[in-house]
Amino acid sequence: MSALELRNVWVEYGEKVVLERVSLDIAERSFVAVVGPSGAGKSTFLRLILGQEAPTRGQVLLDGQPMRAECGPDRGVVFQRYSVFPHLTALRNVMFGIECAEAPVTARLFGSRRRAARDTAVEMLAAVGLEHSMDVYPAQMSGGMQQRLAIAQALVKHPRILLLDEPFGALDPGIRLDMHALITRLWQEHGLTIVMVTHDIGEAFKLGTRVLAFDKRRVDPQAPHRFGATVTYDLSLDRKTLPPAALVEALGGALPQKDPA
Amino acid sequence: MPAHPRPGASVVRRLVDMRPRRGARLLLGALPILVLLLLYLIASEARHADNPADKVLPTFSAMAQAIHGFTTDLDPASGRIVLVADTVASLYRLGIGLAIATTSALILGLLLGTVPLARAILGPVIAVIAVIPPVAVLPILFIALGLDEASKIALIAIGIAPFMVRDLTSYVASLPAEQFAKAQTLGANSWQLAVRVALPQLMPRLIEALRLSMGPAWVFLIAAEAVASDVGLGYRIFLVRRYFAMDIILPYVAWISLLAIAADALLLFVSRRGFPWAHGGGR
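Protein chains in written order, with our numbering: chain A, 87 to 347; chain B, 336 to 618.
I should point out that these hints are in silico values taken from the structure, not numbers from a laboratory.
Ideal Cβ positions, reconstructed from N, Cα and C, are used throughout, including at glycine.
Possibly wrong hints are sitting among the right ones.
If you want the footprint, here are the derived chain B segments under chain A, 3+ residues with CB under 8 angstroms [as the list claims (entries may be wrong)]:
1. 505-518
2. 592-605
Now the in silico label distances, taken between C-beta atoms and shown as ranges [said to hold, decoys possible]:
3. B:Val463 x A:Asp149: 45 to 51 angstroms
4. A:Val191 x B:Arg354: 47 to 53 angstroms
5. A:Asp264 x B:Ile368: 50 to 56 angstroms
6. A:Gly125 x B:Ala465: 37 to 43 angstroms
Next comes chain B alone, as it looks inside the complex (with noise of 0.2 angstroms):
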């Protein structure tokens, strides 16, 4: 910036290119977050005043007391508390079914990506799955699976693999015909192409992929939940809502906005640290 700027230039910068340094960024971003939680406390304050047994919109005091109710006491069920017999159960379920939908997006990927064969195989069959609500398949999963665990990880793992396959199989066949020809005129053979060239180059794409499909397999997991089960953060939800305990519900939101946050920077952090190439950073 020119220290004395001429005479009636505007010394007032354009609004884009105004950049807020890290400091700031910071401050800015929690300023929305503070107008809503201040929002909140007016809102509930107000419809206290006039009733004071309200239960819509609990006090910061209200949930504080159910959030040490439900970290202190006992799930009759498992005999641990609840909060954790809920968290537990509930990531079993999305890890496993997380667990399944990589795995055979990961294979999958990988063939139908490099082999144009196997795509013309099977590429209308996953496009046809992949377009059917996986909640509207519920009832099926329910009967052929029973009310169990194996039928609320088998909607995760079908929500969102298809999306996932779909995703990496047109990563992959996208990757450069030069590369392809190149590894060959350096004597891969096919095999060598795909766990060479294609698979390591998937990964950071896999990675991705599941951090945009893990908001979906919250909601396949809570519908799950929600509809037949006895432990889970869904269930525990919709149970209390029979009650209308918003005291609970907001916390468990909360609980469940965090664990999500977590995991997306903990699969971020992996990438970064795993497959540094693929960030245009160094080693």
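Just chain A, same shape as in the assembly (with noise of 0.2 angstroms):
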């Protein structure tokens, strides 16, 4: 069954245009990277799904039923940056979802209502490697360790499609790698539905169940916002699959290249 479904979707800023007859059918339990050039409607595709953006035309379903543009608790998200709340501490963080769905109008849990969230939270925090950071605000934290907590603070309610923004876009190589483990080992166990957008190729044939590669077919020289992006590349991947040359090409041409001279 798929979790979410984009029919004919186009996104159109006045006379320009990001997205052009995107279809997909993403299944649920899948892993989607999501890689292209810049400007090339990666964001775009990602603010269409959490429902910052509307689609002009076209339909996005989630689970058949047609999802409403504003961000909701069935999508989880995580950015690059500025994922999680500096004035709280990680288990604060983390008991955030749980206090906004059972108490409306204080938005704090007390006695034994909020000694279960504390109980789920500290089991999250447990569950991304936090456990021994619960007190600690963001500030004082790696990069690493506040997109952990970015991740804990996601899941806690359970969403039905996890959508990662360049999550691991500013980490260190290493951290990057453990970060990938994390990821995966997550993703196994609570059967998730991620998105990823990433810049980083590799990342995404490794991560990855399948990969969209977003670019524009046509390019009018006179009009360059004329035509938008769609999706160029659509793979299913086992672990063995490699990316084309092609599409390597087509992403390492995006980046700014060194002058031979």
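Can you join these two chains into the complex? Each is in its own frame, and there are hints to help.
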């Protein structure tokens, strides 16, 4: 069964076409990695699923129902930065989602319900390896720890889809490998459906069960905004699939090249 | 620092690399103050050598005598010691004015910062009010509210509230959009967003804005007291000015500065204690 479905989706800002003719089925429990050069609509695609953006044309369906263009608890998200609340300790950051659901007015819990929320949060923090940093504020955490916290915070809501927006882009290579192992384990243990936008094609092919590449099919040199980007590659992976040379070239060409002289 | 500098290498550090230690810093900071006091002393002595009855630069002994006067004499109106009566009256006006400004800044800043609709409606009005010089509306306040406490308190509140509201609004509006999106994916509604995400992060900024507004608040207080009052620190200064009583004015100014410094230190302490995460420190 497909968790998320896009039917002939277009996103336009006035004259400028960002996405055109995007039709996709994202299966439950898949790990979809989205790659593409800068400005090819990766972020727009993510905002579309997140609900920050409404399609100009077409439909986005979540579990067969048309999705409201507003962020909701059925979709969790981890951004590259600013995903956690700086004024809350790690534990309170994770409890936030439970408190919002159970206490609509005060957004705070007391007594046995608070203890229950705390226990759930502690469990989730342990699952991401932060059991020793529960009372620490994000400012005192390293980048990797902050991203672990952001993941725990999102997972406590059991989202239908977890969206990752270049979540490991700002981390050291070593920490990034740890995070790859962590997200793979969580994805398997919790049966998550993940959509991850990344710049790193190696990361996409390492983690994903499916890779989507966004790019422009048609370019009008006189009017660069005339045509939008769409899915140019849609590859289902087993763990042995290597990126096609044309895709590597397309992404490499998007990187700033050194002047030969 | 290398123990044996290379021959020819300069052992003197660059000026920009010289950092005084804590003790040295205190000493260096006290130096200009001592120099100023010394200059005053010399100038005062010189004037008194010329004219023993000089009132413009009173000697320290004359000031001590004046201080003894206004810390023991009773104010005929209230029956309290003059300095106490003035301080209580002024701090009461200042406190109520600041409380009104802070409360309205908190509510409006939160509302305008989190709700774009509210910002669209109220933003322009507040921007217009903010550019009116507050002292220019003092006569209006005197006419509308009378010469009592209300007009003085209103001047302080009107004087600083618009700045604080605008500062807090722009601060809340500039909190990362990712935080608000994240909170919504965690199930937060508009109210929960305001009280759990925006409000706590606004608090240290509120104290910061209040600290910055203390200077203008004192200006408005003293202006209002100078124009129409019968007690208060500003009133006293402008009263004794008629007699060239510099020996009273100077200690009063020093006392006001001391109160201002104490208020600032108190606010900083509260902010550090209450919101450690905003000061980069631990718990």
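To see whether the hints hold, each was checked on the structure:
Counting residues of the region 505-518 of chain B whose C-beta sits closer than 8 angstroms to any C-beta of chain A gives 6, which meets the bar of three, so the coverage hint holds. Chain A is given as covering the region 592-605 of chain B, and this is violated because 0 residues of the stretch bring a CB closer than 8 angstroms to a CB of that chain, at least three being needed. Under the hint 45 to 51 angstroms, the C-beta atoms of Val463 of chain B and Asp149 of chain A, about 50 angstroms apart, fit the expected range. One distance hint, 47 to 53 angstroms for the beta-carbon pair Val191 of chain A and Arg354 of chain B, holds here, with the actual separation near 52 angstroms.
The given range of 50 to 56 angstroms is respected by Asp264 of chain A and Ile368 of chain B, whose C-beta atoms sit roughly 55 angstroms from each other. About 40 angstroms separates the C-beta atoms of Gly125 of chain A and Ala465 of chain B, a value consistent with the hinted range of 37 to 43 angstroms.
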